[in-house]
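Novice: Residue numbers (our numbering), protein chains in the order written: chain H, 312 to 648; chain X, 312 to 648; chain L, 312 to 648; chain E, 312 to 648.
Keep in mind the hints are simulated off the structure, nothing from the lab.
Warning: the hint list may mix true and false statements.
The list cannot tell twin chains apart, which means a pair is met if one copy fits it or any two copies do.
Stated by the list, open to error - Cross-link-like lysine-lysine pairs, in silico, DSSO-like; alpha carbons within 30 Å at most:
1. K613 / K317
2. K506 / K334
3. K404 / K391
4. K400 / K423
5. K429 / K642
6. K430 / K513
7. K429 / K405
8. K426 / K381
9. K372 / K391
10. K405 / K638
11. K388 / K404
12. K391 / K334
13. K635 / K506
14. K334 / K613
15. K642 / K459
16. K388 / K398
17. K326 / K629
18. K388 / K426
19. K323 / K388
20. K404 / K642
21. K429 / K613
There are 4 protein chains.
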Amino acid sequence: MIIVLKPGATEKQLKHIVDRLKKLGLKPMISRGTERTIIGAIGEEDILRAQPLEVFPGVDKVMAVVAPYKLVSREFKHEKTVVSVGKVKIGSKKLVVMAGPCSIENHDMLLKIAKSVKKAGATILRGGAFKPRTSPYAFQGLGEEGLKYLHQAGKETGLPVVTELMDIRDIDLVERYSDMIQIGARNMQNFNLLKEVGLSKKPVLLKRGISSTIKEWLMSAEYILANGNFNVVLCERGIRTFEDATRFTMDVSAIPLVKKLSHLPVIADPSHATGKWGLVEPVACAAIACGCDGLMIEVHNKPEEAFSDGEQSMLPEKFNDMMKRFKPIAKSVGRDV
Amino acid sequence: MIIVLKPGATEKQLKHIVDRLKKLGLKPMISRGTERTIIGAIGEEDILRAQPLEVFPGVDKVMAVVAPYKLVSREFKHEKTVVSVGKVKIGSKKLVVMAGPCSIENHDMLLKIAKSVKKAGATILRGGAFKPRTSPYAFQGLGEEGLKYLHQAGKETGLPVVTELMDIRDIDLVERYSDMIQIGARNMQNFNLLKEVGLSKKPVLLKRGISSTIKEWLMSAEYILANGNFNVVLCERGIRTFEDATRFTMDVSAIPLVKKLSHLPVIADPSHATGKWGLVEPVACAAIACGCDGLMIEVHNKPEEAFSDGEQSMLPEKFNDMMKRFKPIAKSVGRDV
Amino acid sequence: MIIVLKPGATEKQLKHIVDRLKKLGLKPMISRGTERTIIGAIGEEDILRAQPLEVFPGVDKVMAVVAPYKLVSREFKHEKTVVSVGKVKIGSKKLVVMAGPCSIENHDMLLKIAKSVKKAGATILRGGAFKPRTSPYAFQGLGEEGLKYLHQAGKETGLPVVTELMDIRDIDLVERYSDMIQIGARNMQNFNLLKEVGLSKKPVLLKRGISSTIKEWLMSAEYILANGNFNVVLCERGIRTFEDATRFTMDVSAIPLVKKLSHLPVIADPSHATGKWGLVEPVACAAIACGCDGLMIEVHNKPEEAFSDGEQSMLPEKFNDMMKRFKPIAKSVGRDV
Amino acid sequence: MIIVLKPGATEKQLKHIVDRLKKLGLKPMISRGTERTIIGAIGEEDILRAQPLEVFPGVDKVMAVVAPYKLVSREFKHEKTVVSVGKVKIGSKKLVVMAGPCSIENHDMLLKIAKSVKKAGATILRGGAFKPRTSPYAFQGLGEEGLKYLHQAGKETGLPVVTELMDIRDIDLVERYSDMIQIGARNMQNFNLLKEVGLSKKPVLLKRGISSTIKEWLMSAEYILANGNFNVVLCERGIRTFEDATRFTMDVSAIPLVKKLSHLPVIADPSHATGKWGLVEPVACAAIACGCDGLMIEVHNKPEEAFSDGEQSMLPEKFNDMMKRFKPIAKSVGRDV
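My request is simple: use the sequences and hints to build the entire structure.
Specialist: What follows is the structure, given as structure tokens:
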């Protein structure tokens, strides 16, 4: 930790800080510059992080030297993590494609979509039974009934299934019926929910919050790993910016950057990032080209009648055509799909 | 709802949409412009909102005419709502000042701060027993023990108390020990938590999410009202922007705007918005001048030793001085403090 | 244009607006909804755009139906524009790669870099003689001397050259020594500069402003076309967001979206978007995969000694390796490089 | 400057950096931490700022210790600057109110508005002769004719006048007819324009760019001071954020913060920040309460017929009423209006 003093900081103020650092078991190193005095605190940075150093008399600012996350970092574990969801390996050479409807609406529709996405090459089935909706008057999901349909569709097609958990009270239900637990963007900093899935044996798909920095996202993953669950897959799904021509702005550079910082696999969700099915394909291609480990894509056989997110859902035929176009791109960066 | 067709939309596509509108019980009005055809759908806009109209063939975009919130709107209830927390009325002529430490650390410290803020004129005591922390390694709050200290400090000083609820499982605890339930920024779209506090009899303080639009904030309040609890106070606490000189950017114009759109009281939290205690006073004054119904301010007797948010906490003496300076400003806009 | 009236708008207010519309030669169509009355104004939307309709008594909001740009739109010109810069065609099957140093520092260094990027496959040489620098104390570019070096390096290698114009007074100089005029992000809304390059015969490279919407970007291009110069190439170079792990956030979805809205070619600048040379390759690959017509990349033979932007500049050998990896990706989306 | 090395940085890399620092005349101080080695470089930080240190082998990140601006800082000049515009003093106890129409439309209208704002208490007349408009098809201002009307209206009412300069070629014209030169938000980083007004004898009103950090804004002011003109007034006019309920987001905390960092006066423009005349008053009151030195407000006698920005312009009567309500607020913070 670097502590920069104010121009007029007194010797007494300096001594006060130095004493405190020593008391905490840290070794202070003082550099008296032409314009400012700075103190380098050598030792466990985490001890210092808990101190409100900026409030000490004479302190101008405090700058961290090391990142606050440990278990998710490449420094902690150098080799890339491969997360298994059923027989599917996420983080291996083969890209994972999770596809399915935004909301589970009924058994037949889900099964029909599941079959078509499987045929097109998807390897995990997605579908929401609990839906976080901005409006209390919008469709909130089928709940357990939906989970049952999802489980059945997974069994009938042989696809592992992933679904969102919104409420701690539903964790047993979601664990029972699904192969992977999704934490949605709105719950990325629902820390108690993170702790619970950290105690679960199921792999977790952690979406990035719409206004979360990469550092905060990794810290949320750290919550899950710190509670014992190392099977975490990160999902970039667009951040909120001033641009309103798309629903969110896909932060494509986050993908290679997170892969440098962390050993966890990273996938991309172009459906939510763009909010427009016509942009799903080019943005998915971009994500593949810059190294993502997979994609999550909304597919619906009748977008016109979808209960949610119809605008960003693709028809199965279009999804099928797109999957074919993914192949050469994946190959061009040394991956399969 | 206004449906704008693409330039080359066909008669068949137009008919398809018109038929659907009629089937939904709406009355379509077609305007053929020089450049585009538009359809106005007359009737309950909520029916249409559930339809993924943008995905219909020939549709370019869909524009809403009315706001999606009902119960929180001025159109639903014209007179300003006054929320009672114990004997304190929020939304009346007298501004409410909620003050106290970020985290409850122990009984003595809390009581000491409580007494000093009461003396300075604060009317509600704040303090966190459950703390949402970015890092799993940071202090997470004292839990029930903290709630007990808060309750005691409230009793000893006669101040009603407000504290954050993060986890649905803790709602009984928080209800038992506090007079007002705070929903933090990170949980503004934790819809199940909103539903639960909607069923509670305690008043709710709903903080704005750091990247939530005003519309989304009001929709989250709508969740609470729609579940039966009309005692909601909104709290502007800064939004996330590109500017990093302050922790967040206080959206001061949100205060008068929300007061036009909604009947609910609105307070401001300059401590979190700025993240620097030296900016708390000027930003608090700004909030008073533009019509807020109160303030929430972090006060700590030893910010240097605070377990959290020391940088943005004020010393009791400074808080006391500041309260004096609030008086003439409040008076200048027809309020008391 | 759609005019939505307030709930309590009077008949007199309605008549006042209708009269005004008729006076402007527009045909008003009134729809009386259950909650609101709306007026559709049929005719030239541009006439209305100049009217401050939102200020009329009784008006709640005004919504545009058509986009405000004309000449840059796909509706005005359906076929993709191909812009010629010397013998290089931008917007054709072959991707253009513009490469070179951020600043021109001296003749030898520039020529050395020019030769190496040409060998690696770049087809246009970039280099700044006028540098927009945040600090008045930073290196501001060599001016005319730099332009001469650029011109020479272009001649010796056979590469056309592009350089930034910041000041209207320098347009003759820049026209004399370069083959393409770059308008930087900071000048995207320097409308007088846009008008001047609109009168030039040289092709223009228009970078997106760091906080410009896609609509504003296209409107700035419209300024150039409206003044007679149709040879405009757009360049996405990252937007400013809350994320500070990268210098800017590359808005990769803007590439396919702009290509839908406009006939102009679009290239991407991953060096400025990321600000880190280690992220240039993956982000460039992403841009190719989603359909960009080319790239602009900073290359420097001694980044450690660069006068500007050393952190985001690539070594020639790394650039050469990267160019090889671009080939299969370009091919996978039907392009060459 | 603090240089943080990567975990695996070698002794050779460390030596390479240390040698470079010494060659630059700086004194390196090495601290070997448990996790990282850091180097503090003691001496003129500006020397280092010009070095692309992040690109040196083994370097992880580089952190500045002092701010990059000098002349505008409180450290350079402790006492508050008072800028004179004719007989008006900006930065003194009395708040300045600059008022007038967005665009100058004709002589009579301008004179009428000038008289009414003077009567209401405004002390500077504003009006645009050159208008930066997003669309090339929108009204671009009357040019010199407008400047003449402005000059005349100033003379007839005795009010000094301020108007925007967009183009270096117009500086003589603007100097001739006005008392203060405005640099608009879009030109805040038009560095050549800043240099020119730095050479002018007229005081300058420097608006903050819509996506400029406070640091960049101060650096732009530094350009003007570094060229010899110390009469600079800063104007906060809202930044671009995700919130679209207002045209921009007034960053009210920037006012007290800039006043801590710099000796220059700071005013606020609530008309552009909100884009809605109904929000101008509360936001202006907020700006006064947090210490601004004045306001810039758009007033129009017939907003319905305004050539630009009608939505955010106030009627003279409303402006007059508002000015009365400003008085007690100004007084409550020790100021006059």
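Novice: Would you mind marking each hint as holding or not holding in the structure?
Specialist: A quick look at each hint next to the structure:
When the C-alpha separation of K613 and K317 is checked against a cutoff of 30 Å, the pair qualifies only between copies, where the shortest distance is 21 Å, while the shortest distance within a copy is 63 Å. Taking CA atoms no more than 30 Å apart as the test, K506 paired with K334 passes in neither setting, with 32 Å inside one copy and 47 Å between copies. With identical chains, the CA atoms of K404 and K391 are at most 30 Å apart within one copy only, with a shortest distance of 11 Å there and 37 Å across copies. Taking identical chains as interchangeable, the C-alpha atoms of K400 and K423 lie at most 30 Å apart only when both belong to the same chain, with a minimum of 25 Å there against 47 Å between chains.
Within a single copy, K429 and K642 get their C-alpha atoms as close as 20 Å, and across copies as close as 27 Å, so both meet the 30 Å cut-off. Proximity of K430 to K513 under the C-alpha cut-off of 30 Å is restricted to the intra-copy arrangement: shortest distance 26 Å within a copy versus 52 Å between copies. Taking the shortest Cα distances, K429 and K405 sit within 30 Å of each other inside one copy (15 Å), while across copies they are farther apart (35 Å). Proximity of K426 and K381 under a CA criterion of 30 Å is satisfied in neither setting, with 41 Å inside one chain copy and 41 Å between copies.
For a Cα distance limit of 30 Å, the shortest separation of K372 from K391 across copies, 24 Å, qualifies, whereas the shortest one inside one copy, 36 Å, does not. Taking identical chains as interchangeable, the C-alpha atoms of K405 and K638 lie at most 30 Å apart whether they share a chain (10 Å) or sit on different chains (21 Å). Within a single copy, K388 and K404 get their C-alpha atoms as close as 19 Å, which meets the 30 Å cut-off; across copies the closest is 43 Å, which misses it. In the homo-oligomer, the alpha carbons of K391 and K334 never lie at most 30 Å apart, since the shortest distance is 39 Å inside one protomer and 41 Å across protomers.
Taking the closest pair of Cα atoms, K635 and K506 never come within 30 Å of each other, the shortest separation being 39 Å inside a single copy and 44 Å across copies. For the homomeric pair K334 and K613, the shortest alpha-carbon distance between copies (17 Å) is at most 30 Å, but the shortest distance inside one copy (66 Å) is not. Proximity of K642 to K459 under the C-alpha cut-off of 30 Å is found in neither arrangement, the shortest distances being 37 Å within a copy and 44 Å between copies. For the identical chains of this complex, K388 and K398 are intra-copy neighbours only, at 24 Å inside a copy versus 51 Å across copies, given an alpha-carbon limit of 30 Å.
For the homomeric pair K326 and K629, the shortest alpha-carbon distance between copies (25 Å) is at most 30 Å, but the shortest distance inside one copy (68 Å) is not. For the homomeric pair K388 and K426, neither the shortest alpha-carbon distance inside one copy (38 Å) nor that between copies (42 Å) is at most 30 Å. For a Cα distance limit of 30 Å, the shortest separation of K323 from K388 across copies, 26 Å, qualifies, whereas the shortest one inside one copy, 43 Å, does not. In this homomeric assembly, K404 and K642 come within 30 Å of each other (Cα to Cα) both inside a single copy, at 10 Å, and across copies, at 21 Å.
For the homomeric pair K429 and K613, the shortest alpha-carbon distance inside one copy (17 Å) is at most 30 Å, but the shortest distance between copies (51 Å) is not.
Of the numbered hints stated above, those contradicted by the structure are hints 2, 8, 12, 13, 15, 18, listed in ascending order.
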